[in-house]
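Trainee: Protein sequences, first through last, are from chains A and B.
First residue of the first sequence: 1, per the working numbering; consecutive thereafter.
First residue of the second sequence: 1001, per the working numbering; consecutive thereafter.
It cannot be assumed that every hint is accurate.
List time: in silico DSSO-like cross-link candidates among lysine-lysine, alpha-carbon distance up to 27 Å [what the hints assert, rightly or not]: (1) B:Lys1301 x A:Lys79; (2) A:Lys162 x B:Lys1002; (3) A:Lys79 x A:Lys115; (4) A:Lys168 x A:Lys115; (5) A:Lys162 x A:Lys115; (6) B:Lys1315 x B:Lys1301.
Partial chain A-side listing against chain B, Cβ under 8 Å, derived [as the list claims (entries may be wrong)]: (7) Gln31; (8) Ala129; (9) Ala169.
Simulated from the structure, these hints should not be mistaken for laboratory data.
Predicted, not measured: the structure shown is a model, and the values here were computed from it.
In this text, a Cβ means the ideal position worked out from N, Cα and C, and glycines have one as well.
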Amino acid sequence: MVNDQELWGRIRGGDASAFDSFYRENAPRVQVFLQQFLGNHAAAEDVMQETFAGIWQRPDGFQPERGTLRAYIFGIARKRAAEYWRRQGPSGTSLHQDPVVSDSGYASLLSDMLKRLPHEQRILLWLRAVEGQSYAELAAILDVPAGTVRSRLFAARYQLRKLWLGVKANR
Amino acid sequence: MKCEEAAEFVSAVCDGELIPSDIASHIGNCERCAALLRDFVEISAELRRMASLQVPRTVRPAVWERKRSKLTMMWQKGWETMRIPKLAFAILVMVILALGSGLVITKVRAQGGGSVVMLTIKPEGGEATRCAISSVNPQFGYCGGMTMANSGLLMYEIRVLGSESGRIQLGVRSKFQNHPTGPVTFNITEFAREPQRRYWFEPGQQLDLEVPALGTMAVTGEFMDHMPTRLSIADNNELDPRADELRISSPLLLRDNTTVFDFDGMISIADHNIPAVQVYEPGLGRYIFSLLPLPGAVQAKVADSRISYEIGGHKYQLLTGSPISRAEYAWVLQQPNYRPSQDSTGQRDDQPFSGSVDPKHVGDVVVR
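Construct all of the structure, not just a fragment, from the sequences and the given hints.
Mentor: And the structure:
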């Protein structure tokens, strides 16, 4: 098992095979993360590729003491997504929204509820609940104190719970 | 305690965080908070299930090709004034070529009263490099370089042979080696036996010089009234280092504010291919500065043109003549017992040298 520092060394050294393995392992999750915020499969795929290509071409930002390499990738993906939104301008909000995979449970409804949360709350909740990023890593990704991560996570959960309970009551 | 005060910590417990004991106790005894916790846990689980449904099994395949930095070496002003002995330089070239990196070594100094021509040399299938030569000062009267062109290696040397009313006569030697395999050595004395072609050159004009087996090498240039700074000649003439660069320019190392070494005029540039620079001073050993961690190395702070670190209770500061790296940290390995004769480079123990080094080969050195 290669640790982050060793893997990063290989990536910096131009080891395309090591980077490709890293890409194949992490890209699907980065893509679905981006899909939550861009709402569009094609856009998420493009931004995901931009994220990994950018890291490959300029491998100079990862600091092991600030978190894992995976956390670093998600942080870059988040920034790329924000840049994407800026590039798209106001018309970007009319991006075609892909339907969530058909499911008899709450997945589709939950996806819709998630979209009703502010961007930062969605990012935070996803990275914590789905990607398991620690508070310290989230603080580094969002550049906020760890205490702020806790309060913002609570706000996101509380907001989502209100929507969640409303839907459950009507089913 | 009110449930509102505990609510934020209910979320934290859901995340596996430890919380103050009084709040933990309240949550355990409060049905409302317990219900909140159950909902949070359920929502988190449902989010993970939703994500699992959406994660694609595969993603678009990608080809990872990094833009290769050009291999360029430049020399100027004569060997005797450089801090690299001829032999060492030749071997340094060999090592660099064997490993495929980029390095720029030059030493120029501002001079007055001379006519300087800043030449741009662009070989077919390669990137442009620059060098400045003086039409009146023989010390700066020539420059040379090695650069990748198509799939081979181009070596060239340009000398000022004379000048008259707005034009200069150039003597050009060039040699192209296609598809070099294995280490390539370069010896300036042997290169001097290559035929020299003479051209009259006027600034603003483009000379298309024929290079056998390669094609052409375009030379353009402009007059300047001074020898430019080193950075204007280096591979990347911007003050800001490239993403993967480590630039050590005119390094001065201080230990507790006392000078350890002073390599005035030396530039060594490492990049992702060979991400470390070594500096050897007889009697002091070798210092390796790397953008990657090395076994036995200490982490150092990089800020603009300074690298700061501590070893054995002593504070070290490496001061350089230009910004070192975009990275915030570097690693420094000091090998006081290192002798060049211990490894395969063949460099002399009594001559200082500097250059890029592959950290993978640092461990090969037997330190006595």
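Trainee: Out of the numbered hints, which ones does the structure contradict?
Mentor: 9
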